[in-house]
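Undergrad: Listed below, chain by chain, are the residues.
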Amino acid sequence: MFPTDRERYRPDQDPTGPPASGVPTESELAARYWDRIRLFATRRVNDAALAEDIAQETLRRVIEALRAGRVQNTDAIAGFVFQTAKHVCMHAHRSAGREARAMQRLHDPSDADAAGPDALTHLVSEERRRRVRTALETLSPEDRDLLRAVYFAQVDMAELAAKLGLSPGALRVRKHRAVQRLAAALGAGQTDETLSGDRELNE
Amino acid sequence: MEPTRITCTRVDEEDLDARYLAGALSEEEAEAFEEHYFGCDRCWAAVQLGLDVRAAAPPGTDRPVESRPLTVARGAEPRPAPVARPRWWPLAIAAAVAVLAVGVWQWGDRSPVTPAGDGFRGPADSIHAVASFRGRTLVLSWQPALSADRYAVRLQKRDATVVLERLVGDTSFAIPRDSLSGVADRERVFWEVRALDALRRTIARSRLVPTEVPAGR
Numbered sequence: 150m151f152p153t154d155r156e157r158y159r160p161d162q163d164p165t166g167p168p169a170s171g172v173p174t175e176s177e178l179a180a181r182y183w184d185r186i187r188l189f190a191t192r193r194v195n196d197a198a199l200a201e202d203i204a205q206e207t208l209r210r211v212i213e214a215l216r217a218g219r220v221q222n223t224d225a226i227a228g229f230v231f232q233t234a235k236h237v238c239m240h241a242h243r244s245a246g247r248e249a250r251a252m253q254r255l256h257d258p259s260d261a262d263a264a265g266p267d268a269l270t271h272l273v274s275e276e277r278r279r280r281v282r283t284a285l286e287t288l289s290p291e292d293r294d295l296l297r298a299v300y301f302a303q304v305d306m307a308e309l310a311a312k313l314g315l316s317p318g319a320l321r322v323r324k325h326r327a328v329q330r331l332a333a334a335l336g337a338g339q340t341d342e343t344l345s346g347d348r349e350l351n352e
Numbered sequence: 288m289e290p291t292r293i294t295c296t297r298v299d300e301e302d303l304d305a306r307y308l309a310g311a312l313s314e315e316e317a318e319a320f321e322e323h324y325f326g327c328d329r330c331w332a333a334v335q336l337g338l339d340v341r342a343a344a345p346p347g348t349d350r351p352v353e354s355r356p357l358t359v360a361r362g363a364e365p366r367p368a369p370v371a372r373p374r375w376w377p378l379a380i381a382a383a384v385a386v387l388a389v390g391v392w393q394w395g396d397r398s399p400v401t402p403a404g405d406g407f408r409g410p411a412d413s414i415h416a417v418a419s420f421r422g423r424t425l426v427l428s429w430q431p432a433l434s435a436d437r438y439a440v441r442l443q444k445r446d447a448t449v450v451l452e453r454l455v456g457d458t459s460f461a462i463p464r465d466s467l468s469g470v471a472d473r474e475r476v477f478w479e480v481r482a483l484d485a486l487r488r489t490i491a492r493s494r495l496v497p498t499e500v501p502a503g504r
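Protein sequences appear in the order of chains A and B.
Basically the working numbering = 1-based index in the first sequence + 149.
Basically the working numbering = 1-based index in the second sequence + 287.
Hint data in this document are derived by calculation from the structure and do not stem from the laboratory.
Be aware that one or more of the hints could be misleading.
Claimed, not checked - Restraint ranges, calculated between C-beta atoms of paired labels, are given here: (1) B/467 <-> A/312: 35 to 43 Å; (2) B/294 <-> A/214: 24 to 32 Å; (3) A/217 <-> B/417: 40 to 48 Å; (4) A/270 <-> B/434: 45 to 53 Å.
Said to hold, decoys possible - Here chain B is said to cover these stretches of chain A; the calculated rule only asks that three of the stretch's residues, wherever they fall, bring their Cβ under 8 Å from a Cβ of chain B: (5) 178 to 185; (6) 270 to 284.
Given the structure is predicted, the values throughout are model-derived calculations rather than measurements.
Backbone N, C-alpha and C define an ideal beta-carbon position, used for all residues, glycine too.
So here's chain A without its partners, still in its complex pose (with noise of 0.2 Å):
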């Protein structure tokens, strides 16, 4: 997935944007900034669909400060958009907070408690684990084991070099490749743009 499919669309040029040169066009925004801020949403609410909703409203005001001319430099876009995000978070998360705090009065007390699912499961598509796993299979037993060791169990990287007999710098160059080869066998049944996630909001 170097670089995601999402950004590698590139539209020509969206009429609805603004048209000076330099200015990201609003595809271009959301091809490039869409999943980054869904994850740092979610992250903050553990909510996936509430996650889409900040990432939407995050873009709504990046694309207005743009077209207000109220972002000088352009350059400096992506520090725009995180800041942006974080006061969309900041808001959607305290609103959030106070409806959870309602529904919880609503239900049983001793429900409060429970735990929810792994938000950040919904920020990949069912079709696109399958890709996944299938692209993992096809890899040697030591990368893929590795790769599930370090993102999957959440194995600390010290400990499992200390476990594997390897140094440090050893075990990154391991998982450094072990990352290429599974991009490369994920860009190579790659054949169209897919979705990254697979709810929507305002249904």
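Got chain A; can you put chain B on it based on the hints?
TA: Relative to chain A, chain B alone:
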């Protein structure tokens, strides 16, 4: 880790991408890393790949007990204290007074009520989609939606399991039967297409269109 400045070298050396996904960074470190990946395609690609691997764990596999979720710890937030159940009648009186007050206020305000726009909600059935076959290839075609930037096409099973999901720029989509995994021959599946604007908001969508997976080679 010095949280103020993140570079790609530091991401590599300190495994920030994996530790971020594992929820093993402090809040300050995590936020600094987020600010970095907003502007860095290379590190963002690493994060996405990590997310993929995490999400691709076989169904039913449990995460290790020691792993922490990525989400921000809510411990800092005051948890609402158990609510003592109030007696209902003071609330009922208050509600009645409020309703009366609003009624009196509204009596003088006869301005027309504008319904909330649902342009971005994408009313169901606003796209007419037709499922068909070309040999053993499943085809879905639909009418274009005004101001659509892309279309999200989804094929799902009866239990809402997503079989396939694609973003396309055209108004038709075809996929060979052999490219579909996880579905049986002659199984009844359902297409759905949504029109998206440039911000990936749904502006229109179709109803679920049933079709049957072709059988035989």
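Undergrad: State for each hint whether it applies.
TA: Now the hints, each set against the structure:
no. : hint                        : verdict
1   : B/467 <-> A/312: 35 to 43 Å : holds, 40 Å
2   : B/294 <-> A/214: 24 to 32 Å : holds, 28 Å
3   : A/217 <-> B/417: 40 to 48 Å : holds, 43 Å
4   : A/270 <-> B/434: 45 to 53 Å : violated, 32 Å
5   : 178 to 185                  : holds (count 5)
6   : 270 to 284                  : holds (count 11)
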